[in-house]
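Asker: These protein sequences, in sequence, are chains A and B.
For what it's worth, the working numbering labels the leading residue of the first sequence as 1, then goes sequentially.
For what it's worth, the working numbering labels the leading residue of the second sequence as 1001, then goes sequentially.
If you're looking for bench data, these hints aren't it; they were derived computationally from the structure.
Being a predicted model, the structure only gives us computed values, none of them experimental.
Keep in mind that the hints are not guaranteed to be accurate.
Claimed, not checked - Stretches of chain B that chain A covers, calculated by requiring three or more beta carbons in the stretch to come under 8 Å of a beta carbon on chain A:
no.: 1; stretch: 1037-1044
no.: 2; stretch: 1047-1059
no.: 3; stretch: 1068-1080
Cβ atoms here follow ideal geometry from the backbone N, Cα and C, with glycine treated the same way.
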Amino acid sequence: MAVNQPPKLATKLLRWFCKPHYLEDIQGDLEEEYYDRIELNPKKSSSGWYWWQIVKLFRSGIIRPFKPIDSTQKEISMFKNYIKIGLRNLWKYKMGTVINVLGLSTGVAAFVLIALFIKDELKYDRHHENADNIYRLTIKNFTSDGALSRHWAFASAGHAERFKEDYPEVIKATRFYPWAFPDLLVGDRKFPAEQVIFTDPDVFDMFTFPFIEGSPETAFNTEQSLVLTETSAVRLFGNDWQNKGVIGERVTLQRDGLNAPFTVSGVMKDMPEHQHFHFEYLAPIRFIEQVFGESSMSNVTGNYNWLTYLMLQDGADPTTIEDQKDAFFDKYVGQFAQGGDAKDFYDFALQPLKSIHLYSNLESEIETNGSIQQVYIFGTVAILLLIVACINYMNLATSHFSRRMKEVGVRKVLGALRSTLVKQFLTEAFLVNILSFPIALILAELALPYLNDFLGKSLSLEFAGNMDIMVGLLLLLILVAVFSGSYPSIFLSRINLTQALKGESSINSNKWNFRNWLVTFQYAVTIALIFALAVIESQLYFVQNTDPGYNKEQLVSVGLSRNIGNLSTFKNELLNHPNVDKAAYASRIPTGRLADSWGASFNQGDSVASVNFRLPFIWIDEDFLETFQIELVAGSNFAADMDMIEDSVGYYLINETTSKALGYGNPNDIIGKKINYGLYNDQTYKAGRIIGVTKDFHFESMHTSITPMIMMKGDNMRTICLKLTGDDHSQTLADIEQLWYQFDQDNTLNYRFVDDRFNEQYQAEMRLSTMIKVFTSIAILIGCLGLIGMVAFIIETKNKEIGIRKVLGASAGDIAMNIGYRFGILIVIASVVAIPCTFFIVSDWLDSFVYRTSITIWMILLPATVVILVTVLSVGIQTIKAALVNPASILKTE
Amino acid sequence: MKDYQLGEFEEIVLLTVAILHGDAYGVSIKKDIEERLQRTVSVGALQTALRRMEDKDYLHSTFGESTAKRGGKRKRYFEITDLGKQALAYSKETRNQMWNAIPKTVFKFSWL
Chain A
1 MAVNQPPKLA
11 TKLLRWFCKP
21 HYLEDIQGDL
31 EEEYYDRIEL
41 NPKKSSSGWY
51 WWQIVKLFRS
61 GIIRPFKPID
71 STQKEISMFK
81 NYIKIGLRNL
91 WKYKMGTVIN
101 VLGLSTGVAA
111 FVLIALFIKD
121 ELKYDRHHEN
131 ADNIYRLTIK
141 NFTSDGALSR
151 HWAFASAGHA
161 ERFKEDYPEV
171 IKATRFYPWA
181 FPDLLVGDRK
191 FPAEQVIFTD
201 PDVFDMFTFP
211 FIEGSPETAF
221 NTEQSLVLTE
231 TSAVRLFGND
241 WQNKGVIGER
251 VTLQRDGLNA
261 PFTVSGVMKD
271 MPEHQHFHFE
281 YLAPIRFIEQ
291 VFGESSMSNV
301 TGNYNWLTYL
311 MLQDGADPTT
321 IEDQKDAFFD
331 KYVGQFAQGG
341 DAKDFYDFAL
351 QPLKSIHLYS
361 NLESEIETNG
371 SIQQVYIFGT
381 VAILLLIVAC
391 INYMNLATSH
401 FSRRMKEVGV
411 RKVLGALRST
421 LVKQFLTEAF
431 LVNILSFPIA
441 LILAELALPY
451 LNDFLGKSLS
461 LEFAGNMDIM
471 VGLLLLLILV
481 AVFSGSYPSI
491 FLSRINLTQA
501 LKGESSINSN
511 KWNFRNWLVT
521 FQYAVTIALI
531 FALAVIESQL
541 YFVQNTDPGY
551 NKEQLVSVGL
561 SRNIGNLSTF
571 KNELLNHPNV
581 DKAAYASRIP
591 TGRLADSWGA
601 SFNQGDSVAS
611 VNFRLPFIWI
621 DEDFLETFQI
631 ELVAGSNFAA
641 DMDMIEDSVG
651 YYLINETTSK
661 ALGYGNPNDI
671 IGKKINYGLY
681 NDQTYKAGRI
691 IGVTKDFHFE
701 SMHTSITPMI
711 MMKGDNMRTI
721 CLKLTGDDHS
731 QTLADIEQLW
741 YQFDQDNTLN
751 YRFVDDRFNE
761 QYQAEMRLST
771 MIKVFTSIAI
781 LIGCLGLIGM
791 VAFIIETKNK
801 EIGIRKVLGA
811 SAGDIAMNIG
821 YRFGILIVIA
831 SVVAIPCTFF
841 IVSDWLDSFV
851 YRTSITIWMI
861 LLPATVVILV
871 TVLSVGIQTI
881 KAALVNPASI
891 LKTE
Chain B
1001 MKDYQLGEFE
1011 EIVLLTVAIL
1021 HGDAYGVSIK
1031 KDIEERLQRT
1041 VSVGALQTAL
1051 RRMEDKDYLH
1061 STFGESTAKR
1071 GGKRKRYFEI
1081 TDLGKQALAY
1091 SKETRNQMWN
1101 AIPKTVFKFS
1111 WL
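Required output: the full structure, derived from the provided sequences and hints.
Answerer: Put into structure tokens, the structure is as follows:
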């Protein structure tokens, strides 16, 4: 019979709501019928029936009434009493209250801010109605030995259309082609724009872009339509653009001598902040296709400038498309002329739209994305800080237990149950939290502008009409109050009655009790944070102070514009300035990315073999090496009269890594060897010789290893780098600006110090370091408050012991040691727990660097040292005071 | 004349207790009504009705033996009291009077 008992939970439920004097009959009847049913039909389960019967018993006459009225009133009056006593105690011990409220509100403020940040990070791209079905097409490149060389956020021009044609799962596809730095002309007024985006008409069916004027259907009616955002409409037509009827207005797009008339066809709302791309001008892609020529639009390899999004059918699996990549490249590319199957060199991957912001960090992302790692780190820290703050309350609330001992005793004598006392102390925890929360919110509100500035976000703590935040805060309040009040209420309600009334302490502070674990936890969090900080800081020091192979000091890079005209005139004018020591042109400069790459082949003896690793290039001039103080280890620099464009033979500089990769350990041996370098697709290789080998230098950040690279003299210069001398750089720069306007009246001088650019490579790490510093300070602050409470507790319980020890001849130092040594034990335990746990997280973080510092012993010892120092400072005075007390004054009371 | 209040369901339960005579407890009453009248009876409705009539003194209950089948719970046997019998009789009589008071033509016409 035991096998087939009626469901226990249902019976329990019945017992809870049923009138007691009905219970036996009803339960008996139900069980009898239940077993009857089983006898009748042993195979069928009757528990569903049983549940249904119980549910049907929810009816008047069966449900027992709520507790009698008088007991509710009693509870209310007891609560009034708890609140009154609680408030009196808070008032009486003002210092303790202040410490408590301060600790809690700091912890809660930190938690709220981090929660806001995380909530914000998780919001990205979710507002698009089709977000679940939209994927970004990303392209992977492989070297001929099968290693992944680059993973691009952009695709080629031809992908979108072919995907839509070939795969039935793809129902919509759109590309975004950013056309950088055009000028927009309205009448005769000129507005320089950062970019105009050319896109396919599917875009409005895929993404949710609400229109203020015009509509998605008519937006791209002609090939030269232009859709604005609210901001750009204000910029072009003024604040009252809505009254002007901007639809149909003419705008001329100007770039590289091209003048194209466009008609404004719609104005949409500004793209929300929580989107991984932001565009201000949208135009039909047909226009740019005609500019580039139709033939280049079928390209499916290389030229990754087309941000491509695909919309799949509901429920379609993106991997089924990814699996067809071999067939795709066989069909559209097949074999390369130089040999090799295209399918071995390319792959594509579909990224869900919603995961791009947090999970994607590919080559040339359109905007800097967030990072899920950061979300996890901050989330963990937020929870830890909150726990530390709660622990603080627990410590302080229980440390002055002797103040409340008599009260607890009297309450017990008068008939208070343990549960009554638990309720009382929970009420007090709620009181402190209700005091702390407004302060926490004020703190958070004060810190918010700094945080926003720091993170480049616009987080807000807006309550009005924001149910999320209201409900969240209320839940947080309840959670924190219950958690922080749990231990004190259990601890205080456990006090032994007779001892409490006699005024004896029943708590042996020598015992390894729960409070020690609490303090150990606080220590562990602090130690973990300091340890992490030490590692991050030393890695930052390492990357910023390791010789990158070039001299970044006093170097200024100036972005060139198309108006500059003759480059050598400009350069000579600059060099005429007394404080400009050297100047060099380059297409890209160190601290940037080696993004341009062509194909190469290398003459090995008599045979020519294609170079099977990625060999990116930069254009430089003959002064580049000297300006950056990059050493040549073999061969010679470019001569001033070498001209890559005109000369039939090319001249190349390579770095040591390239030399080794080509099989020449000694760079002297590779000088004069033939290399062919040029565009992969149209076979415009330029044959040439390697004339020099430079020492390796960190062109890219130390996140990546030094890769092979090749330097050519010529042509496509985008930057000029100036080596400055003298002290007054601002005057020099002002002079340079003057000079700039003689060459270009349209654009402003756009300069950066190279060492700033250098440091910016580690911006994410510096930001993390700053955040961890703030968190560590908060943890230490709260931890100190907790320690003060802890010491008060120990001294209170060891009062007599101290007295007796002193009588027996212990010195004040002995006493202080006697109290202090236990903190040493706690710190050791905390270190042993915290360091290994953090070690894994931190070494994972270090792995994001190829060039990295190692974790040394001082990083492990530092946190413990800091914590010991903080402990000594915060509890020292109290301990010494206790040790100096006259024993007579303690012992005479007995 | 005393006022005998008896709802329709109460009347059926009371009659069934009388029919079962000595073997009337929760499950047996429920089963009897379900078989005889082809209607389902919920445990809750039955128990509240029984208690209500016990309060009105139409029924009297005693505890019987406890059985394993009921999970060790005792059966509560119901018996009809004299007052209960009077209530039933009163109810029957009033119905009869009302039947008799219906003019014959009502049925005649309806039969046509």
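Asker: Could you run down the list of hints and mark each one as holding or not?
Answerer: For each hint, the structure was consulted:
1. Closer than 8 Å: that is the beta-carbon criterion, and the stretch 1037-1044 of chain B has 3 residues meeting it against chain A, so the requirement of 3 holds.
2. With 3 residues bearing a CB less than 8 Å from a CB of chain A, the stretch 1047-1059 of chain B meets the requirement of three and the coverage assertion stands.
3. Counting residues of the stretch 1068-1080 of chain B whose CB lies closer than 8 Å to any CB of chain A gives 8, which reaches the minimum of 3, so the coverage claim holds.
Checked against the numbered hints listed earlier, the structure breaks none of them; every hint is satisfied.
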